[in-house]
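**Student:** Sequence:
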Amino acid sequence: TNALAWLVCSGVSILANAWGILSVSAKQKKWKPLEFLICTLAGTHILNMGIPITMYCVIQLRRQHSNYEWNEGLCKVFVSTFYTLTLVTCFSVTSLSYHRMWMVRWPVNY
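Be aware that the sequence shown starts at 264, since it is given in my numbering, and climbs by one per residue.
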């Protein structure tokens, strides 16, 4: 089934991003802005896989074994959570891009 494949991908993504956060946080005691932005990006990926994608997979798997259907409230929670976390991910990537530009353009001030 497609939902089971998404659930496996979600688990792999959560583990990989958690590994990234642990490797960055174990490196230094005081975080620089770059490490903070990378961990923020990994954290939003963990939340994006952990909440809406896992919720979608669980509901789809329940639907296969019973006549359970999506209700309006659950659909609103899924859509708003997914879009909010995707927006935060876009903001994190934009912040990383600006940070890189700042480092290249004005390295003395950084």
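Everything labelled a hint here was simulated from the structure, so no lab data went into it. Computed from a predicted model, the values in this text were never measured in an experiment. Just so you know, not all the hints are guaranteed correct.
Dumping the calculated SDA-like pairs for lysine to any residue here, alpha-carbon to alpha-carbon at most 25 Å [claimed, not checked]: (1) K293 to F354; (2) K295 to L310; (3) K292 to L337; (4) K339 to L285; (5) K339 to G306; (6) K293 to M366; (7) K295 to T344; (8) K293 to W269; (9) K292 to T303; (10) K339 to T349; (11) K292 to G274; (12) K290 to I301; (13) K290 to L350; (14) K339 to S329; (15) K339 to K292; (16) K293 to V275; (17) K295 to K339; (18) K292 to T349; (19) K293 to K339; (20) K292 to C302; (21) K339 to S286; (22) K339 to H362; (23) K295 to G306; (24) K339 to L350; (25) K292 to L350; (26) K295 to F354; (27) K290 to W269; (28) K290 to K339; (29) K295 to L285; (30) K295 to L337; (31) K295 to C338.
**Student:** Is K290 close enough to K339, meaning Cα to Cα at most 25 Å?
**Tutor:** It is violated: about 40 Å lies between the C-alpha atoms, which goes past 25 Å.
**Student:** Check the hint pairing K292 with G274 against an upper bound of 25 Å on the C-alpha distance.
**Tutor:** Since the Cα atoms of K292 and G274 sit roughly 28 Å apart, the hinted pair is violated (cutoff 25 Å).
**Student:** Can you confirm whether the C-alpha distance between K292 and T303 stays at or below 25 Å?
**Tutor:** OK: K292 and T303 at ~17 Å, within 25 Å.
**Student:** Is the hinted pair K293 and K339 satisfied, with a Cα-Cα distance of at most 25 Å?
**Tutor:** Measuring from Cα to Cα gives roughly 39 Å; hence the hint is violated.
**Student:** Do the alpha carbons of K290 and W269 lie within 25 Å of each other, as the hint requires?
**Tutor:** violated, 32 Å
**Student:** Taken at face value, is the distance from the CA of F354 to the CA of K295 at most 25 Å?
**Tutor:** holds, 18 Å
**Student:** Can you confirm whether the C-alpha distance between K292 and L337 stays at or below 25 Å?
**Tutor:** Since the Cα atoms of K292 and L337 sit roughly 41 Å apart, the hinted pair is violated (cutoff 25 Å).
**Student:** Take a quick look at whether K293 and M366 sit within 25 Å of each other, Cα to Cα.
**Tutor:** Roughly 19 Å separates the two Cα atoms, so the pair holds.
**Student:** Mind checking the alpha carbons of K339 and T349 for me, to see if they're no more than 25 Å apart?
**Tutor:** With a Cα-Cα distance of about 15 Å, the restraint between K339 and T349 holds, given a limit of 25 Å.
**Student:** Could you grab the alpha-carbon distance between K292 and C302 and see if it respects the 25 Å cut-off?
**Tutor:** holds, 14 Å
**Student:** Is the hinted pair K292 and T349 satisfied, with a Cα-Cα distance of at most 25 Å?
**Tutor:** Judged against 25 Å, a Cα distance of about 29 Å means the pair is violated.
**Student:** Take the C-alpha atoms of K292 and L350, compute the straight-line distance between them, and say whether it is at most 25 Å.
**Tutor:** Between K292 and L350 the Cα gap is close to 29 Å, so the pair fails against 25 Å, i.e. violated.
Checked against the numbered hints above, the structure breaks hints 3, 4, 7, 8, 11, 13, 15, 16, 17, 18, 19, 21, 22, 25, 27, 28, 30, 31 and satisfies the rest.
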